[in-house]
Amino acid sequence: MLKPESSGSRARAEPFEPGRRGGLAAEREASLRQRLVARDEQALVELVDLATPWLLSVVQAMLQDRDEAEEVVMHTFRIVWENVTLETGGNAGLMPYLLRVARHRAIDRLRSRRRNERKQMAVALEWGRQSAPPVEPDEAGHPGWQVHAQVHAAFEALPAEQRMAVQLAYFEGLTQSEIAAQLGIPLGTVKTRLRLAFDRLRTALAGLKDWVL
Amino acid sequence: MKAHDWFVEHRVEYATRILDGDDIATFEAHLVNCEDCRREVSRIETELAWLPMSLPPAAPRPGLRRHIIQYVLDDARVPGSRWLLPAAIAASVLLAFAGWTAGRQQAQSLEREVTVLQVRTEALEDTLSVMRRAGRILQTSVEAGDRRGGLVIFADETTHRWSVVVHGLPPAPAGSGYQFWFICADGMVRGSAILVPGAGSTMFTTGMPETGGAVLGAALTVEPLGAATGPPRGRQLAHLML
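Protein sequence lines correspond, in order, to chains F and B. Here my numbering is used: the first residue of the first sequence is -17, the next is one more, and so on. Here my numbering is used: the first residue of the second sequence is 219, the next is one more, and so on.
The set of hints was computed from the structure by calculation and includes no laboratory data. Do not rely on the hints blindly, as some may be mistaken.
Derived EDC-like pairs: lysine to aspartate or glutamate, alpha-carbon spacing no greater than 16 Å straight-line [stated by the list, open to error]:
(1) F/LYS173 / B/GLU227
(2) F/LYS173 / B/ASP238
(3) F/LYS173 / B/GLU253
Okay, chain F solo, but in the shape it has when bound (with noise of 0.2 Å):
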């Protein structure tokens, strides 16, 4: 459901390598942040143009909305262009952090959707649909990609239903709760699967130290 088809063979033929592209990634990564810090508003336009493709598919997934998913993406690099220091983001990077937000940002709305409709996203069984528009077929060049590629095959190898645990808490915004209510089973299986997809998922992308720039 996450991806194309094509994604999976790129992982396989072009395996992401930290330790080859780290010390570009991480310099580039350094001044792009002390420009940012120095208000250098070109350096604000680069970041905007590096991770609004991959803000924005998270949070129109999430959101299923696309509208909304903008003004989330727009107000995410809002709450980065004010607060951003040399320390923001940590070892993990700016990319990170820039995710973290944007997700927490849409989750913050999609429980405020829900608490104010008081109804379940109906959408959020439909295992299979394609939330995001696909990139054009360059997609492979677009920066990030492996980092991408990488990810999504460890996503694609958990089980299916610790995929589908996943699915529904990490992109569709559920509680654990309302994830047994959706899949009518025990909140006590839900915890279970989730917690051994997450081990797993920690496993896999430990690794993925540096975001492409």
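Guided by the hints, dock chain B onto chain F, whose structure is given.
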């Protein structure tokens, strides 16, 4: 089972924001006093931070990039973003014209520059519209160091926005920066930090603060760097009352 075990078991759920509401509050209360859990939650967040990138990138709609830049620069109220000098525009446009022929990388860089200029141009037009509609113009002199400058406020009483010009100031002393304040019924409310470029003047447009009650005037101070919140701590250079 020890009480702390529950928190250890739920670190991942907390870090990924999938805990139920009551549990979130319980966990957050615990985090205040548990360095171990704070560190571990941070580590989990870092490890899983890439997970959203399992989704393929989405192609932004045309114009989104400009909207983002405009939204960020406008609403962040960064005075520098409102700067515009005709000579700078001319130079940048010429640079952009020459750059389009110099390969993709340079073209991309120039495209960014053009985007910034477009945003600045729109910001300037917005600023000028406030000045044109201004029903009141307030000004006072400002003495800083050995220089004498001024603070001018063009107040648009229809849209309740001000265009503020600060001119003739030297660079702020080391370790400090200029700060614009609203004098409100309930006290001083922080406005924009004032970035003083080489020419010694800057201009920005601002709406009225959302807190503090009725706006009675404005002030300019020199604040120690890092004092991004709270009341004025530095020396007042000027103030204006409506």
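Restraint status (C-alpha distance of F/LYS173 to B/ASP238 at most 16 Å) | Roughly 12 Å between the alpha carbons, so the hint for F/LYS173 and B/ASP238 holds.
16 Å Cα cutoff - pair F/LYS173, B/GLU227 | holds, 10 Å
For the pair supplied as a hint, F/LYS173 and B/GLU253, is the alpha-carbon distance within the 16 Å limit?
-> The given pair, whose Cα atoms are some 25 Å apart, is violated under the 16 Å limit.
Checked against the numbered hints above, the structure breaks only hint 3 and satisfies the rest.
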